[in-house]
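Chains as they are written, first to last, in this note's numbering: chain P, 1 to 110; chain X, 1 to 116.
I should point out that these hints are in silico values taken from the structure, not numbers from a laboratory. Be aware that a few hints might be false.
[Said to hold, decoys possible] With a straight-line Cα cutoff of 20 Å, these simulated EDC-like cross-link-like pairs (lysine to aspartate or glutamate) come out: (1) X/K70 <-> X/D30; (2) P/K102 <-> X/D59; (3) P/K1 <-> X/D59; (4) P/K102 <-> X/D109; (5) P/K102 <-> X/D38; (6) P/K42 <-> X/E24; (7) P/K42 <-> X/D109; (8) P/K102 <-> P/D27.
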Amino acid sequence: KQEVTQIPAALSVPEGENLVLNCSFTDSAIYNLQWFRQDPGKGLTSLLLIQSSQREQTSGRLNASLDKSSGRSTLYIAASQPGDSATYLCAVPSGYALNFGKGTSLLVTP
Amino acid sequence: DGGITQSPKYLFRKEGQNVTLSCEQNLNHDAMYWYRQDPGQGLRLIYYSQIVNDFQKGDIAEGYSVSREKKESFPLTVTSAQKNPTAFYLCASSIGQGLYSNQPQHFGDGTRLSIL
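Start from the sequences, fold in the hints, and give me the full structure.
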């Protein structure tokens with residue numbers, strides 16, 4: 001079964017710093033990979049979806065990369081802001097639903 | 001604006017009681033899903049439905065039931081057989097084969113269920 005792992009589980013950085021969140025998966029035959037953001041007590045908001053044929057996707061200060069052969073994806077956040085504080089989850093399709101990592105809890109301090 | 005509405009936001013269940021969580025979407029999506037989120041465990045799939053009047057069990061379906069009588073609605077019932085129902089429940093939807101057509105999955109804002 002596809003397993004998705006996110007490291008680190010928690011991260012605290014000062015405002016303005018560039019940072020990288022990591023996601024790894026055990027089965028490289030993925031169709032796509034999605035990054036989500038979850039604020040406390042809220043649902044998930046889709047940030048970026050990378051198709052298997054793509055190597056990266058960008059949206060504003062966010063850049064997600066995908067390396068299927070190594071089973072890894074990274075989410076790069078440039079010039080972090082306190083408003084970026086949230087939990088970030090990655091997910092890949094597995095069967096008829098998404099298989100999620102446990103997330104990285106990010107705190108950006110002013 | 002199109003989206004997914006879950007209600008109520010908070011729900012309390014007494015011993016031996018069944019409770020129903022509502023999920024409504026106006027995105028015209030064919031597929032709908034229920035996930036359970038526990039601290040430190042990530043999201044786990046309870047049930048999913050690809051079309052009206054059809055649904056399938058996910059990884060942790062025991063103690064739960066669903067119906068899909070309308071395209072817009074996918075209610076989840078937490079029965080008394082579910083001995084540990086305290087969790088955050090998330091409803092999601094996607095275009096028919098959305099997961100494999102490179103369309104993102106959309107989520108509601110969740111329902112937090114607790115035992116009295």
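**Study point:** Pairwise hint evaluation, X/D109 against P/K102, where the allowed Cα distance is 20 Å at most
**Key:** Within the cut-off at roughly 18 Å; holds.
Practice item. Starting from P/K102, check that the Cα of P/D27 is at most 20 Å away, please. Key: holds (17 Å)
Point to revise | Agreement of P/K102 and X/D59 with the hint, judged by alpha carbon distance not exceeding 20 Å | key: Given pair P/K102, X/D59 holds - Cα atoms ~16 Å apart, limit 20 Å.
Practice item. Please work out if P/K42 and X/D109 have their alpha carbons no farther apart than 20 Å. Key: holds (5 Å)
**Study point:** Distance restraint between P/K42 and X/E24, which requires alpha-carbon spacing of 20 Å or less
**Key:** holds (16 Å)
**Study point:** 20 Å Cα cutoff - pair P/K102, X/D38
**Key:** holds (10 Å)
Practice item. Take the C-alpha atoms of P/K1 and X/D59, compute the straight-line distance between them, and say whether it is at most 20 Å. Key: Given that 20 Å is the threshold and the Cα spacing comes to 12 Å, the pair holds.
Check your understanding: Going straight from one Cα to the other, do X/K70 and X/D30 come out at no more than 20 Å?
Key -> holds (10 Å)
When the structure is compared with the earlier hints, no violation turns up for any of them.
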